[in-house]
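Colleague: Single-letter residue listing:
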Amino acid sequence: MSSPGDSRRTLARRRELGLFLLGAPALLVIGLVFAWPVLRLLSLSVEGGTLEHFEKAALDELYVTVLADSLKIAAMVTGICLLLAYPVAVWLSRAGRLGLALGLFALLLPFWTSVLVRTYAWLVLLGRNGVINRSLRDWGWIDAPLPLLHNLGGVLIGMVQVLLPYMVLPIYAALLRVDPDLSRAAEGLGAPAWRSFLRITLPLSLSGVSAGCALVFVLSLGFFITPALLGGGRVIMISMLIEQQVREFLDWPFAAALSTVLLAATLVIYALIGRLTRGTRHATP
Amino acid sequence: MTEQGEVVMTIQLKRRGILRTAGGLLAAALPLPALAQRAAPPKPDRIVVNASGGAMANIFRRTYFAEFERRHSIRVVDTSPVDFGKLRAMVNSGNPEWTVTEIGGQDATRAKEMNLLEPLDTSIIDLSNYPAVGRDSHVYVSSAYSTALGYRTDVFPNNSQPKGWAEFWDVRRFPGARSLRNHPVDNLEFALLADGVPLDKLYPLDMDRAFRKLDAIRPHIAVWWSTGAQPAQLLVDKEVVLATGWNGRFFELTRRGAPVATDFTGGSLKSSVYGIPRGTRQAYWGQQFLQVMTDPRLQAVYANELSYAGLNPEAMNFIADDVRPLLPTAPENMGKQFWLDVAWWTENGARAQERWNRWMLRG
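Going down the list, the protein sequences come from chains P and D. Here my numbering is used: the first residue of the first sequence is 2, the next is one more, and so on. Here my numbering is used: the first residue of the second sequence is 14, the next is one more, and so on.
Honestly, I wouldn't trust all of these hints.
[Stated by the list, open to error] Chain P regions said to be covered by chain D (calculated; three or more residues, Cβ under 8 Å):
(1) 125-134
(2) 229-237
[To be verified] Examples of chain D residues lying across from chain P (beta carbon under 10 Å, computed):
(3) 119
(4) 122
(5) 190
(6) 195
(7) 199
(8) 228
(9) 230
(10) 233
(11) 235
(12) 238
(13) 242
(14) 243
(15) 374
[What the hints assert, rightly or not] Taking CB as the label site, the calculated pair distances span:
(16) 112/P <-> 344/D: 43 to 53 Å
(17) 84/D <-> 43/P: 46 to 56 Å
(18) 103/P <-> 356/D: 54 to 64 Å
(19) 310/D <-> 31/P: 33 to 43 Å
(20) 22/P <-> 356/D: 57 to 67 Å
Simulated from the structure, these hints should not be mistaken for laboratory data. We put the CB at the ideal spot given by N, CA and C, even for glycine.
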C-alpha cells in the first residue's frame, strides 16, 4: 500500500513528465538546429587531432587583440544601452495606455527595417557633409565637421541604436512585476523617492537588467556589417575575421577554433553577469 | 549540415591538392567525345541557366535568353544565386540541374582544378577573335569589370584628376580625402604600381614592398570601404574626393549626371565567367548557349546599360559613343589596366588577408 505522500509524489512526477513531453518538440528542435551544429563545430576545430588552430586562435597576437577589442566594444555597447534603456523602461512601466502604445511602437518600429538600411541611414546622418554636421555648421556652432563616422564612436552609435530594444524590453518586463505598493509603503514610511527607488525598484528589476545585458552583450559580439560600414575599416570585430575564414578562405577548422574561443569567452562573461545578479532573483516577490 | 559537410570535404580536398590536380590533368587528357562531329542531340524542352540575378537577369532575359529561344526553340529557365558549393554537390551527384552556370571570380580556378566543368567546344563557341584571357579551355569569359579610380569632377575639373596610382599617392599635388577597399586584393597591386613596378611585372606580388608603400598612404585614407555601394556613396556625399571602386557603380553615377567620373589608369580587370557543369545532360545545348553569349550585338546591349562589356572586340561597334570611354574594355582603356591574377590570389589570398588584418590593426 502506498502512503498518501507516495501517491502525491507519483502525481507530481507524472505531471512533470507531461510537461516535459509538451516541451519535447521544442527541445528536439533546439537540439537538432543548435546543440548538434555547435558540437559539430567543436569537433571541426580539432579536426585531424591537432590543436594548431586553437593555438593560433588563442595565442596569436592578432586574434587575441581583436577578441579583446570585440569584448570591449560589446561591453561599451551594453553599458550605453543600459544607461539609455533604464529610464525608458521605467517610463513605459508607469505610462498610461496611450503612452505605452506609442512608446512600444517607437521601440519596435526599427525591427521592421533591415539593419543594413539603418546602417546606411547613419552614413547619411553622421558623415562629414551629413545632416548633423551640415546643420551644426549652418548654425555656426562648429567650423570643421565633427568626426562622427568611420571611427569607434560611429560604430557605437549604430550598434546601440539596433540593440536598444533588447535592453528596454526585459527591464520593462521586470519592472511590471514590481508591486507598486512596495514603493508606496516606503514613501508612506517617509523614504524619499530616490531612496525607495534605490532600495526597492532597482534591486527588484535587476533580473531584467541582467537578462537585457546578457542579450545585448551576446548580440553585440555577432555584429559585423554595422562595425564594418560605420567603423570605416578601423574597427575590427572577431566576427569579421570568422566570416573571412568561412566565406573567403574556406578554412572551417580555423573558423571553428575562433568561434569556440569566442563562445568560451562569452560563456565566462555570461556566468559572471549571472553571478553578479543571482542574489537579487530570489528577492523577486 | 550537408553544406557544412560539403565545405569540410572541400577543405580535405584542398589538402590533397596535388593528387586532385593530377586527377584533373588526367581527366583533361582523356579523349573526349567530339561533340561537333555528332549530329545535334535531341532538343530538350528547356535548359537551366544559373546566374547572379538582379538587374543582370533582366537584361539577360531580353538578350541572350530571348536569342537562344529564338534560334533553338528551347526555353531558358533562369535560377540564382551563384553557389560554388552547390555546383560541386551537383557534379558529384552525377546529374547537374544547371546547363550553364556563372562562377564567382576566384572560384573559376578551383572549379577547373576540381574537374567540375565540361571543356568548351570551340567548334561551337567561336572565340577566335577574343583576347588570350578570354580563350580558356573550360570557362567562358562573359564580361569584364574593373576596380578603377572614381573621382569628383568638381574637385578635379578638366581632366585634372590623378592618373595612375603614383599620382593617387601624391597627396601634395592632389589633396583631399581618399577611400580604398578594406581588402588586400587590388590594393597590393595599386601600391606596387605607385611604387614604380611596371604593369606586366606585378606578379608574383612583393608583399613587403606593397605594405611599405601602403604605410605612406594610410593617414590619407578617410574610409576603408567594405561593400561595393560604399565608394559611390562616399563620392556623392563628398565624404571623400577620390575612391577606388567597381566601375559599374561609378558608371551608374556618371550616367545619372552626378559629378563623378572614372579614371582607368592602372585599373584592375576581372572577369565574370560561365561554365558548363560536368555531366549535365544538356551539355551540347550549354555550348550552344555560350555561343549565343558571344554575339557582339547582344554584348553591346549589356554594356550600354550596365557597363559590363563582353570580350568580343566587335561589340565595340554597337556601343554608343558616349558610353564607350566609360567601359573598362574599350581599347583605349584596356591597355592602361592589368588583369588580376586570380591564380596568385587563390594561392596566397589567406596569407595576404591575415597580413592585411595585422596591418589594419596597427593603424
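Colleague: All hints are to be evaluated individually against the structure, with a verdict given for each.
Modeller: Here is how each hint holds up against the structure:
no.	hint	result
1	125-134	holds (count 5)
2	229-237	holds (count 6)
3	119	8 Å, holds
4	122	13 Å, violated
5	190	8 Å, holds
6	195	4 Å, holds
7	199	14 Å, violated
8	228	15 Å, violated
9	230	13 Å, violated
10	233	13 Å, violated
11	235	6 Å, holds
12	238	7 Å, holds
13	242	8 Å, holds
14	243	7 Å, holds
15	374	6 Å, holds
16	112/P <-> 344/D: 43 to 53 Å	52 Å, holds
17	84/D <-> 43/P: 46 to 56 Å	54 Å, holds
18	103/P <-> 356/D: 54 to 64 Å	60 Å, holds
19	310/D <-> 31/P: 33 to 43 Å	57 Å, violated
20	22/P <-> 356/D: 57 to 67 Å	58 Å, holds
Hint compliance for this structure: hints 4, 7, 8, 9, 10 and 19 are broken, all remaining hints hold.
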